[in-house]
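Since each chain comes alone in its own frame, lean on the hints to assemble the complex.
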Amino acid sequence: EAAVTQSPRNKVAVTGGKVTLSCNQTNNHNNMYWYRQDTGHGLRLIHYSYGAGSTEKGDIPDGYKASRPSQENFSLILELATPSQTSVYFCASGDRGGAGDTQYFGPGTRLLVL
Amino acid sequence: SQWGEENLQALSIQEGEDVTMNCSYKTYTTVVHWYRQDSGRGPALIILIRSNEREKRSGRLRATLDTSSQSSSLSITAAQCEDTAVYFCATDPSSGQKLVFGQGTILKVYL
Numbered sequence: 001e002a003a004v005t006q007s008p009r010n011k012v013a014v015t016g017g018k019v020t021l022s023c024n025q026t027n028n029h030n031n032m033y034w035y036r037q038d039t040g041h042g043l044r045l046i047h048y049s050y051g052a053g054s055t056e057k058g059d060i061p062d063g064y065k066a067s068r069p070s071q072e073n074f075s076l077i078l079e080l081a082t083p084s085q086t087s088v089y090f091c092a093s094g095d096r097g098g099a100g101d102t103q104y105f106g107p108g109t110r111l112l113v114l
Numbered sequence: 001s002q003w004g005e006e007n008l009q010a011l012s013i014q015e016g017e018d019v020t021m022n023c024s025y026k027t028y029t030t031v032v033h034w035y036r037q038d039s040g041r042g043p044a045l046i047i048l049i050r051s052n053e054r055e056k057r058s059g060r061l062r063a064t065l066d067t068s069s070q071s072s073s074l075s076i077t078a079a080q081c082e083d084t085a086v087y088f089c090a091t092d093p094s095s096g097q098k099l100v101f102g103q104g105t106i107l108k109v110y111l
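Protein chains in written order, with the working numbering: chain A, 1 to 114; chain B, 1 to 111.
Here chain B stands alone, though its shape is the one from the complex (with noise of 0.2 Å):
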C-alpha cells in the first residue's frame, strides 16, 4: 500500500488478471482522489469517492474507502497493456482542496 514513508510500490501483472492497490492515510479526509499518471505526462484524476461512500466505480474501476481503519482501495477489472500507469491516491485534510498525495504504485501489465 502507498503513504507516509512507505517506498514506491510496484505491481507486475498480466493481461486479463484482476489488480487492486491500497492506500492508507493518516489524516482525516471527507473524499480520497485516485489519479493515474502515464509515462511523461501530468496526474489525471480516474476516479474519487466520498466519506458517505463505501464504493465507487467507473467502468472497470472500483473504488472503496473504509474511514474507520482510514484507508481505500482501486481495483481493476480485467487490466489491459493501456492500463500500465502509475497510480496514486491522494486526501484533502484541509477541505480546502490542497491535496496530499501517496508515493504511488506503478503497475505493469504485459502480454
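Same shape as in the complex, but just chain A (with noise of 0.2 Å):
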C-alpha cells in the first residue's frame, strides 16, 4: 500500500517565526502535492511537485513556499507565519499525470500559529 508520512502531526508557532513542514513518500511517485483543509472549504492545493527539483504554484500559494529536493520528500515552508495559516495540511502523492490517477495522502499535520 502507498505510503505517505507527514512530520511533525502537530505544531504551535509564533507569529512571524518560520514553520516547515515535511513529508516524505515511499511509493516513487513524481507527483507530491500540499494542500490545507478548513472547515467549509474542503480541500485546497498549496503547491505541487511533478519530480525532484520542480515545484509549482496550486490555488493558494501566497505566504507559502515548497521545496522538492528529491522523489522522497517535498517540504512546505511558512518564513512569516500568520495566525491566518491556522490549519491542518495535508501531503499526498500520485504517480504519472493523467485523469483517473489516485493521490495518496499522508495522516495530515495540524499547525496552530499564535
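Just so you know, the hints here were simulated from the structure itself, not pulled from any lab data. There may be inaccurate statements among the hints.
Calculated pairs, SDA-like style, for lysine to any residue (alpha carbon to alpha carbon, straight line, at most 20 Å) [to be verified]:
no., chain 1, residue 1, chain 2, residue 2
1, A, 65, A, 15
2, B, 98, A, 8
3, A, 57, B, 98
4, B, 98, A, 28
5, B, 26, A, 20
6, B, 26, B, 44
7, B, 56, A, 55
8, B, 56, B, 68
9, B, 108, A, 40
10, A, 57, A, 22
11, B, 98, A, 44
12, B, 98, A, 59
13, B, 98, A, 113
14, A, 57, A, 78
15, B, 98, A, 53
16, B, 98, A, 54
17, B, 98, A, 37
18, A, 11, B, 41
19, A, 11, B, 39
20, B, 98, A, 72
21, B, 108, A, 39
22, A, 57, B, 56
23, B, 26, A, 11
24, B, 98, A, 55
25, B, 98, A, 102
26, B, 98, A, 15
27, B, 98, B, 28
28, B, 98, A, 18
29, B, 26, A, 41
30, B, 56, B, 40
31, A, 57, A, 20
32, A, 18, A, 8
33, B, 98, A, 62
34, B, 56, A, 102
35, B, 26, A, 40
36, A, 65, B, 98
37, B, 98, A, 11
38, A, 11, B, 40
39, A, 65, A, 113
Given the structure is predicted, the values throughout are model-derived calculations rather than measurements.
Next comes the structure, spelled out in C-alpha cells:
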C-alpha cells in the first residue's frame, strides 16, 4: 500500500516565525502535493511538484514556499507564519499525470499559529 | 450537494438505510473521484468514475456521472456505522492530476 508520512503531526508556532512541514513518500511517485483543509473550504491546493527539483503554484500559494529536493521528500515552508495559516495540512503523492490517477494522502499536520 | 461556494453538507441516517450524496462541478472533467476521510486521517479514494461511464459500482458503493448536467452522485446501500466519515468529490479540470475538491458531505450513521 502507498505510504505517505508527514512530520510533525502537530505544531504550535508564533506569528512571524518560520515553519517547515515535511512530507516523505515511499511509493516512487513523481507527483506530490500540499493541501490545507479548513472547515467549509474542503481541500485547497497550495503547491505541487512533478518531480525532484520542480515546484508549481497551486490555487492558494501566497505566504507559502515549497521545496522538492528528492523524489521522496516535499516540504512546505511558511517563512513568516500568520494566524490565518492555522489549519490542517495534508501532503499527497500520485503517479503519472492524467485523469483517473489516485492521490495518496498522509495523515495530516495540525498547525496552530499564535 | 457539494461544490463551489456551497457550505459543507451534513447527513444523518440510521444503520441499514440507503443514502445518496450529490456533487456538481463547474468545469469540464474526464473523471470524478470520490474520497472518504475518516476522523483524524487523510482522505482515501473509494471510487472513481470516468466520463465514458454513467455508473460504477464497488461493493455497497455506486457512483454515477452525468456530464451533460456536470453532476455526480455517490450512493451507499445499507449504510453501516463504519461508513460514518466525510465524503468528497473531486474533479481533474486540467487532466494533469491537479484535483479540485468539493466542500465535502459529513455522513453520520447511527444505530
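These are the hints, each one checked on the structure:
1. 65/A / 15/A: holds, 17 Å
2. 98/B / 8/A: Cα-Cα ~25 Å, so violated.
3. 57/A / 98/B: holds, 11 Å
4. 98/B / 28/A: Cα-Cα ~18 Å, so holds.
5. 26/B / 20/A: Roughly 34 Å between the alpha carbons, so the hint for residue 26/B and residue 20/A is violated.
6. 26/B / 44/B: violated, 23 Å
7. 56/B / 55/A: violated, 34 Å
8. 56/B / 68/B: holds, 17 Å
9. 108/B / 40/A: Cα-Cα ~17 Å, so holds.
10. 57/A / 22/A: holds, 17 Å
11. 98/B / 44/A: holds, 11 Å
12. 98/B / 59/A: holds, 10 Å
13. 98/B / 113/A: violated, 28 Å
14. 57/A / 78/A: holds, 14 Å
15. 98/B / 53/A: holds, 18 Å
16. 98/B / 54/A: holds, 15 Å
17. 98/B / 37/A: holds, 16 Å
18. 11/A / 41/B: With a Cα-Cα distance of about 16 Å, the restraint between residue 11/A and residue 41/B holds, given a limit of 20 Å.
19. 11/A / 39/B: holds, 19 Å
20. 98/B / 72/A: The hint holds at about 19 Å.
21. 108/B / 39/A: holds, 17 Å
22. 57/A / 56/B: violated, 33 Å
23. 26/B / 11/A: violated, 36 Å
24. 98/B / 55/A: Given pair residue 98/B, residue 55/A holds - Cα atoms ~13 Å apart, limit 20 Å.
25. 98/B / 102/A: Roughly 11 Å separates the two Cα atoms, so the pair holds.
26. 98/B / 15/A: violated, 31 Å
27. 98/B / 28/B: With Cα atoms ~13 Å apart, residue 98/B and residue 28/B stay inside 20 Å; holds.
28. 98/B / 18/A: Violated, because 27 Å separates the two Cα atoms, which is more than 20 Å.
29. 26/B / 41/A: Measuring from Cα to Cα gives roughly 16 Å; hence the hint holds.
30. 56/B / 40/B: Violated: residue 56/B and residue 40/B sit about 28 Å apart, past 20 Å.
31. 57/A / 20/A: Holds. Residue 57/A to residue 20/A sits at ~17 Å (cutoff 20 Å).
32. 18/A / 8/A: holds, 14 Å
33. 98/B / 62/A: Distance ~18 Å between residue 98/B and residue 62/A Cα, so the pair holds.
34. 56/B / 102/A: holds, 16 Å
35. 26/B / 40/A: With a Cα-Cα distance of about 18 Å, the restraint between residue 26/B and residue 40/A holds, given a limit of 20 Å.
36. 65/A / 98/B: holds, 18 Å
37. 98/B / 11/A: Not OK: residue 98/B and residue 11/A at ~27 Å, beyond 20 Å, violated.
38. 11/A / 40/B: Roughly 15 Å between the alpha carbons, so the hint for residue 11/A and residue 40/B holds.
39. 65/A / 113/A: The hint holds at about 17 Å.
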